[in-house]
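*Asks:* This is what each chain is made of:
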Amino acid sequence: MTATDPNMRLLIVEDDRESADYLVKAFREVGYVADLASDGEEGLTLADTGDYDVLVIDRMLPKRDGLSVIGSLREKGNRTPALILSALGQVDDRIKGLRAGGDDYLPKPYSFAELLARVEVLSRRHGGPAEETTYRVGDLELDRLSHRVTRGKDELTLQPREFRLLEYLMKHAGQVVTRTMLLENVWDYHFDPQTNVIDVHISRLRSKIDKGFERPLLHTIRGAGYMIRDGIR
Amino acid sequence: MTAFGKLIRTTAFRLTLVYLFLFALFAASLLGYFAWNTRRLITEQITSTVNAETEEIGDIYSRRGLRGLVFTIENRALRPGANLYLVTTPTGQAVAGNVGSLAAGVMGSSGWSETEYRRLDDQDKTDHRALVRVTELTSGFRLLIGRDLEERRRMFGIIAKAAQWSLLIVIVLGLGGGVFVARRVLRRIDAITGTTQRIMAGDLSGRLPVGRSGDELDRLAENLNAMLERIEALMSGLKEVSDNIAHDLKTPLTRLRNRAEEALAKSGNETEYRTALERTIEESDGLIRTFNALLMIARAESGQARDNMDDFDAADVANGIHELYEPLAEEDGMTLHVKTVPAPLHGNRELISQALANLVENAIKYGKPVAALQPLGADAASGSREILIEARRDGDQVLLSVTDRGPGIPEADRRHAVERFVRLEASRTLPGSGLGLSLASAVATLHGGDLTLGDGNPGLRATLALPARARVTERVAAQMQDVPQKVA
Numbered sequence: 006m007t008a009t010d011p012n013m014r015l016l017i018v019e020d021d022r023e024s025a026d027y028l029v030k031a032f033r034e035v036g037y038v039a040d041l042a043s044d045g046e047e048g049l050t051l052a053d054t055g056d057y058d059v060l061v062i063d064r065m066l067p068k069r070d071g072l073s074v075i076g077s078l079r080e081k082g083n084r085t086p087a088l089i090l091s092a093l094g095q096v097d098d099r100i101k102g103l104r105a106g107g108d109d110y111l112p113k114p115y116s117f118a119e120l121l122a123r124v125e126v127l128s129r130r131h132g133g134p135a136e137e138t139t140y141r142v143g144d145l146e147l148d149r150l151s152h153r154v155t156r157g158k159d160e161l162t163l164q165p166r167e168f169r170l171l172e173y174l175m176k177h178a179g180q181v182v183t184r185t186m187l188l189e190n191v192w193d194y195h196f197d198p199q200t201n202v203i204d205v206h207i208s209r210l211r212s213k214i215d216k217g218f219e220r221p222l223l224h225t226i227r228g229a230g231y232m233i234r235d236g237i238r
Numbered sequence: 005m006t007a008f009g010k011l012i013r014t015t016a017f018r019l020t021l022v023y024l025f026l027f028a029l030f031a032a033s034l035l036g037y038f039a040w041n042t043r044r045l046i047t048e049q050i051t052s053t054v055n056a057e058t059e060e061i062g063d064i065y066s067r068r069g070l071r072g073l074v075f076t077i078e079n080r081a082l083r084p085g086a087n088l089y090l091v092t093t094p095t096g097q098a099v100a101g102n103v104g105s106l107a108a109g110v111m112g113s114s115g116w117s118e119t120e121y122r123r124l125d126d127q128d129k130t131d132h133r134a135l136v137r138v139t140e141l142t143s144g145f146r147l148l149i150g151r152d153l154e155e156r157r158r159m160f161g162i163i164a165k166a167a168q169w170s171l172l173i174v175i176v177l178g179l180g181g182g183v184f185v186a187r188r189v190l191r192r193i194d195a196i197t198g199t200t201q202r203i204m205a206g207d208l209s210g211r212l213p214v215g216r217s218g219d220e221l222d223r224l225a226e227n228l229n230a231m232l233e234r235i236e237a238l239m240s241g242l243k244e245v246s247d248n249i250a251h252d253l254k255t256p257l258t259r260l261r262n263r264a265e266e267a268l269a270k271s272g273n274e275t276e277y278r279t280a281l282e283r284t285i286e287e288s289d290g291l292i293r294t295f296n297a298l299l300m301i302a303r304a305e306s307g308q309a310r311d312n313m314d315d316f317d318a319a320d321v322a323n324g325i326h327e328l329y330e331p332l333a334e335e336d337g338m339t340l341h342v343k344t345v346p347a348p349l350h351g352n353r354e355l356i357s358q359a360l361a362n363l364v365e366n367a368i369k370y371g372k373p374v375a376a377l378q379p380l381g382a383d384a385a386s387g388s389r390e391i392l393i394e395a396r397r398d399g400d401q402v403l404l405s406v407t408d409r410g411p412g413i414p415e416a417d418r419r420h421a422v423e424r425f426v427r428l429e430a431s432r433t434l435p436g437s438g439l440g441l442s443l444a445s446a447v448a449t450l451h452g453g454d455l456t457l458g459d460g461n462p463g464l465r466a467t468l469a470l471p472a473r474a475r476v477t478e479r480v481a482a483q484m485q486d487v488p489q490k491v492a
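These protein sequence lines are chains A and B, in that order. The first sequence lines up with residues 6 to 238 when you count with this note's numbering. The second sequence lines up with residues 5 to 492 when you count with this note's numbering.
Hints were generated in silico from the structure; no laboratory data involved. Among the clues, some could well be false.
Facing chain B, from chain A, some residues (calculated, C-beta under 10 Å) [claimed, not checked]: (1) Thr50; (2) Thr54; (3) Pro114.
Straight-line alpha carbon distances no greater than 30 Å define the calculated DSS-like cross-link-like pairs of lysine-lysine that follow [stated by the list, open to error]: (4) A:Lys30 x B:Lys372; (5) A:Lys113 x A:Lys101; (6) B:Lys270 x A:Lys213.
Here a beta-carbon is modelled for each residue, glycine too, at the ideal position from N, C-alpha and C.
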């Protein structure tokens, strides 16, 4: 796995020693700078002073709980994107977390691939350019206003949902996008299907955008999800 | 507490005491009223008799003089049960009559008085009371006519005695009745207490004794029994669930452990380790899914998800799920159709979507026609690989149903199939947690509806029946006429 931005600075606020060490190590391995705070107060102080791209905050922390840390930051005008990790994975807990000012919510236990993909998307959103009207990946072009998709000289006909799927993938071009992220962002469902529904949608989309072209753009990232990109970076 | 102490503390006994007091008060006032009226009546009778006789004798005196008077008096005084008579001279000398002695001063004043007297012929020399009237005759002679009050006194005695006895009877009967009722109630309450104590000690099968009288205690016992029934059912359900959890979570955990152990034990190459690790992750993902589903069911069943309810159209849910699963069904060689009419709901959209998704996943997994049952040569093979998602209204209910053309579920198994972790024999080999239908059922219950498994003729029709949003019922009913049915 390759990190999009090797200079990305991350703050992890997690009180469980072992998971915290695992996260720090894993993020450093992909080239991030990861700092660790082991309780809510420390997390708030660090997040307040340090210059971080993304905060990964456990929901239940000693001294100060995760939602309150985010709440205080937002009150002070600190907009650093925050991802909440929580053992409470239900829909209403998620809504509560997002209302408190969190930008994403990941229930425990999670896979690191999922966390990494979400952190990358968050950081891009934070510092990245404003939403463009046209997305381009190689010779694939998607016009968000006229809903036209072209590859080279060919115009592609996509169903509305396929269009939204491609739009999301292209918005995060070069980043891994997991199945859950797609289900949440394209379909707005937050449950966990027992079957590979998303894979089938992807393979349909793939047959439309990649079939008959020499260079495939839509890639499957094993154990993580999908990525749209032009060639090898 | 002594048995007696317990007895007099009962509500029944205390009520008896209150009633006893009230009844005694009532009896006393009734008798008092009776006595007072009797006295008045007797007095009135005496007064009128004496008045009439005084007048009559005054008349005789004025017509026949003193001799006639004395003669009449002597005559009347000798009759049995006679009134009291006394005639005196102006100086106070007795002339005629049957009164021997009299309280002092009675003869001196005219009019009515009550006095002690003794008869002339009285043998036992006792004083009696009488009501007398004294009148002065024209010549200064004085006439006394009166009536003995013995009768009135006796009447009073009778009434007083009656009052005493009735009070005594009231008290004895009241106390006895109170004790009887209190002991009876106490015995039944003790029986109930005994049973509840046994139940608290852990014997959930205990039931309260119910009598045949259908009184309030019986009704209470019946209700408590119904409650116990429900608690027992819940408890045994809980036990069954924990057994199932133990089984369904322990089995994959064991597999996981075995695999890790095996990989450790044998000195494999990197690829073998890698495969073992990948399968470990897969297995734990499955475990997490099962766990999440269980939590979700528990949450739905406890009603916590009620916070997140809003208004939406069940048709949108059906169309959304159709859109999500249509490619998957097609890949599996099946066709997913959807047929909807506007059906407004109030509920947790996410949960209802998941419930419907579970039903669709089941239909895709198990809804394929059984080859052996296909009629020969028929085009059933293509025609029956169909699944229909429907959203419609039926009265005040919204029905979300999924119908497949598969082998269905035998009627006897349908109830069982909704239970947690149940995977019917036919599906044992397919992956899945066995929680899909339970979750759908819990979601339906949360919304005040239910999940039914019916016959799809052939196949299975799983229906989520949910209460429709009441406020818009009429409006939608009006719309229904001009909204064409959408078939995808």
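*Asks:* Now look at each hint and say whether the structure bears it out.
*Replies:* Checked hints:
| no. | hint | in the structure |
| --- | --- | --- |
| 1 | Thr50 | violated, 33 Å |
| 2 | Thr54 | violated, 36 Å |
| 3 | Pro114 | holds, 6 Å |
| 4 | A:Lys30 x B:Lys372 | violated, 48 Å |
| 5 | A:Lys113 x A:Lys101 | holds, 16 Å |
| 6 | B:Lys270 x A:Lys213 | violated, 46 Å |
In this structure, the hints that do not hold are numbers 1, 2, 4 and 6, in rising order.
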